[in-house]
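Now for the letters of each chain:
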Amino acid sequence: MNNEEILEKLTAIFKDELDNDDLILTNETTAEDIEEWDSLSHIQLIVAIEKAFKIRFTSSEIQSWNNVGEMISSLESK
Amino acid sequence: MLLNSYLFILFFTVLFFAYFLLGKTSKIQNIILLLGSYIFYCSWSFQFIGLVIFSTIITYFIGNKIKSSADKSKRNWMRIGVFFVLIQLLYFKYFNFFIENFNDLLNLFGMQDQMNVLKIILPIGISFYSFRMIGYLLDLRNNKLKEIPSLLDYAVFIAFFPCIIAGPIDRAGLFLKNLKEKRIFSSLQFSEGLKQILWGLFKKLVVADNIATITTPLFESYHTLNGSALFIGASLYFIQLYADFSGYTDMAIGISKILGIKIQPNFNYPLFAQNVADYWRRWHISLTGWLTEYVFTPLSISFRDYGKYGLILAIIINFLAVGFWHGAEWHYLLHGLVSGIMFIPLIMKGKMNKKIKPSNNLIPTMQELKNIPVTFVLFSLLMVLFFVKDMEMAFGYYQRIFSFSFFEFPNFPFRREILLLILFMIFIEWSQRDQEFATKYLFSEKSIFLRWAFYYVLVFLIFLFYIAPKGFIYAQF
Numbered sequence: 000m001n002n003e004e005i006l007e008k009l010t011a012i013f014k015d016e017l018d019n020d021d022l023i024l025t026n027e028t029t030a031e032d033i034e035e036w037d038s039l040s041h042i043q044l045i046v047a048i049e050k051a052f053k054i055r056f057t058s059s060e061i062q063s064w065n066n067v068g069e070m071i072s073s074l075e076s077k
Numbered sequence: 000m001l002l003n004s005y006l007f008i009l010f011f012t013v014l015f016f017a018y019f020l021l022g023k024t025s026k027i028q029n030i031i032l033l034l035g036s037y038i039f040y041c042s043w044s045f046q047f048i049g050l051v052i053f054s055t056i057i058t059y060f061i062g063n064k065i066k067s068s069a070d071k072s073k074r075n076w077m078r079i080g081v082f083f084v085l086i087q088l089l090y091f092k093y094f095n096f097f098i099e100n101f102n103d104l105l106n107l108f109g110m111q112d113q114m115n116v117l118k119i120i121l122p123i124g125i126s127f128y129s130f131r132m133i134g135y136l137l138d139l140r141n142n143k144l145k146e147i148p149s150l151l152d153y154a155v156f157i158a159f160f161p162c163i164i165a166g167p168i169d170r171a172g173l174f175l176k177n178l179k180e181k182r183i184f185s186s187l188q189f190s191e192g193l194k195q196i197l198w199g200l201f202k203k204l205v206v207a208d209n210i211a212t213i214t215t216p217l218f219e220s221y222h223t224l225n226g227s228a229l230f231i232g233a234s235l236y237f238i239q240l241y242a243d244f245s246g247y248t249d250m251a252i253g254i255s256k257i258l259g260i261k262i263q264p265n266f267n268y269p270l271f272a273q274n275v276a277d278y279w280r281r282w283h284i285s286l287t288g289w290l291t292e293y294v295f296t297p298l299s300i301s302f303r304d305y306g307k308y309g310l311i312l313a314i315i316i317n318f319l320a321v322g323f324w325h326g327a328e329w330h331y332l333l334h335g336l337v338s339g340i341m342f343i344p345l346i347m348k349g350k351m352n353k354k355i356k357p358s359n360n361l362i363p364t365m366q367e368l369k370n371i372p373v374t375f376v377l378f379s380l381l382m383v384l385f386f387v388k389d390m391e392m393a394f395g396y397y398q399r400i401f402s403f404s405f406f407e408f409p410n411f412p413f414r415r416e417i418l419l420l421i422l423f424m425i426f427i428e429w430s431q432r433d434q435e436f437a438t439k440y441l442f443s444e445k446s447i448f449l450r451w452a453f454y455y456v457l458v459f460l461i462f463l464f465y466i467a468p469k470g471f472i473y474a475q476f
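Protein chains in written order, with numbering that gives the first Met the number 0: chain A, 0 to 77; chain B, 0 to 476.
Careful, some of the hints might be misleading.
To be verified - Pair ranges (Cβ atoms, derived): (1) B/G326 <-> A/F52: 42 to 48 Å; (2) B/S402 <-> A/I54: 37 to 43 Å; (3) B/V456 <-> A/E35: 51 to 57 Å; (4) B/S402 <-> A/T57: 49 to 55 Å; (5) B/I355 <-> A/E7: 27 to 33 Å; (6) B/K179 <-> A/I23: 30 to 36 Å; (7) A/D21 <-> B/N360: 21 to 27 Å; (8) A/D32 <-> B/L193: 43 to 49 Å; (9) B/L418 <-> A/I54: 56 to 62 Å.
Hints are computed from structural coordinates only; laboratory data are not their basis.
Ideal placement from N, C-alpha and C gives every residue a C-beta, glycine not left out.
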């Protein structure tokens, strides 16, 4: 899967979990840009992403992300 | 040196001119800020300035180690750093709590050998600057802070005088950005800062200190009062604590603005919160934000396989930490535990992150009319666990509120003019609740006379209702 395909799949997960059909994800998107993305929905997102991609992140990976692009880098390394 | 004292005005005036006239470069300005901050700290507690400087230097070098190490030793250095900060906090703030409870336990088993309680003086601001240090170390560990600041800038971040006594607990990355460039005097920032200080002074000196003239005697004689008087007392204390702490914060942020330094907000009109989660997004934001980042998030990541129950556990541990942060007393811990438990209905209903869209009309919506008073009553009742001296008082206080005497006429004299002052503050804040602080744009589109008349009224009320210099509630933590 390349970066764009991952981004597309992530966008669908984000829309579903955050209940917002209008959101647009880019590599630079951060939690600041999306109102519904807070500390709680963050956990729901991680659980949903791990399920969809059938992978498991480590705690330190999750805590080092500053934007969606860094999240995708972790995904690609799996 | 209180922020609302003549001595502070003198101190700040000298610092202000030195900062803008002599501060030709950002470095000189930061040196002036650091010297000023250390002088300010010495005025509070001369004996502990050495500790602040020592901890600053040690955590700075541990930070450098975290940054330059490989992944595994990064974590070890972070642990050493956090341990170094926590051990001081535990010693100064919690040592006697453990000894007293250990002695109680020995007593329970009939043992007479008691350990002595030490006479420990709490270094002022330790809870606030310790959390800044820990946040800095964790941000380096998690790669949230991309570059190491100079030792000078880091020392300013730790000891910055408007915020060292009672916060806000700023985050390293955001604060340090302020120090990079030379700050140029801006009349716009200056007037905005003054407006915020004026509103902070009003909330502290007029509203909070005058409510204290009711709540202090009321709490002292609580065992003679009926349930309705005690309930009003708890609600008044909620407003007093808000006015005191947010008043202080407005002054701290206003002073920083004058110096061209942006500080993170600490309050977002918590009296108008519409549910438990909404309240905690609006109250003491810098502390709850800190704990969300460094306690709640890591815990909820670890517990993520347990669904809602994992969230509940994470949130309860998080709020126990909030309680414990306030002090080593059982009633603070219980306050934290109950705060955590209050989230359970929201989590079970899955409404935790459904943010409520507030209106900004003067007339409240039906939803606001229903939710705001319920939330206010709930947190007024919770406040009892905050202001009591011990668990015995908490128990007695609640017992009286939840008795038939709640339906009697309050047997305590409440001064009517204080109610008017509270209503005045609440009305102004309600009308401006979509702004950063209440007086930012108040009457800004109206004539200059109206605007200045309003400022004059505030100054007049401050002189009229000023009682005596009185410390800030949160300076004790």
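Each hint tested on the structure:
1. The supplied range of 42 to 48 Å is met by B/G326 and A/F52, whose beta-carbon atoms lie about 45 Å from each other.
2. At about 57 Å, the beta-carbon gap between B/S402 and A/I54 misses the expected band of 37 to 43 Å.
3. Distance hint for B/V456 and A/E35: a CB-CB separation of about 41 Å, inconsistent with the stated range 51 to 57 Å.
4. At roughly 54 Å, the beta carbons of B/S402 and A/T57 sit within the given window of 49 to 55 Å.
5. Checking the proposed 27 to 33 Å range against B/I355 and A/E7 shows it holds: the Cβ atoms sit about 32 Å from each other.
6. A hinted range of 30 to 36 Å holds for the C-beta pair B/K179 and A/I23, which are about 32 Å apart.
7. Between A/D21 and B/N360, the C-beta spacing of about 25 Å keeps the proposed range 21 to 27 Å intact.
8. Separated by about 33 Å at the C-beta atoms, A/D32 and B/L193 break the suggested range of 43 to 49 Å.
9. Separation of B/L418 from A/I54 is about 60 Å and conforms to the stated range, judged on CB atoms against 56 to 62 Å.
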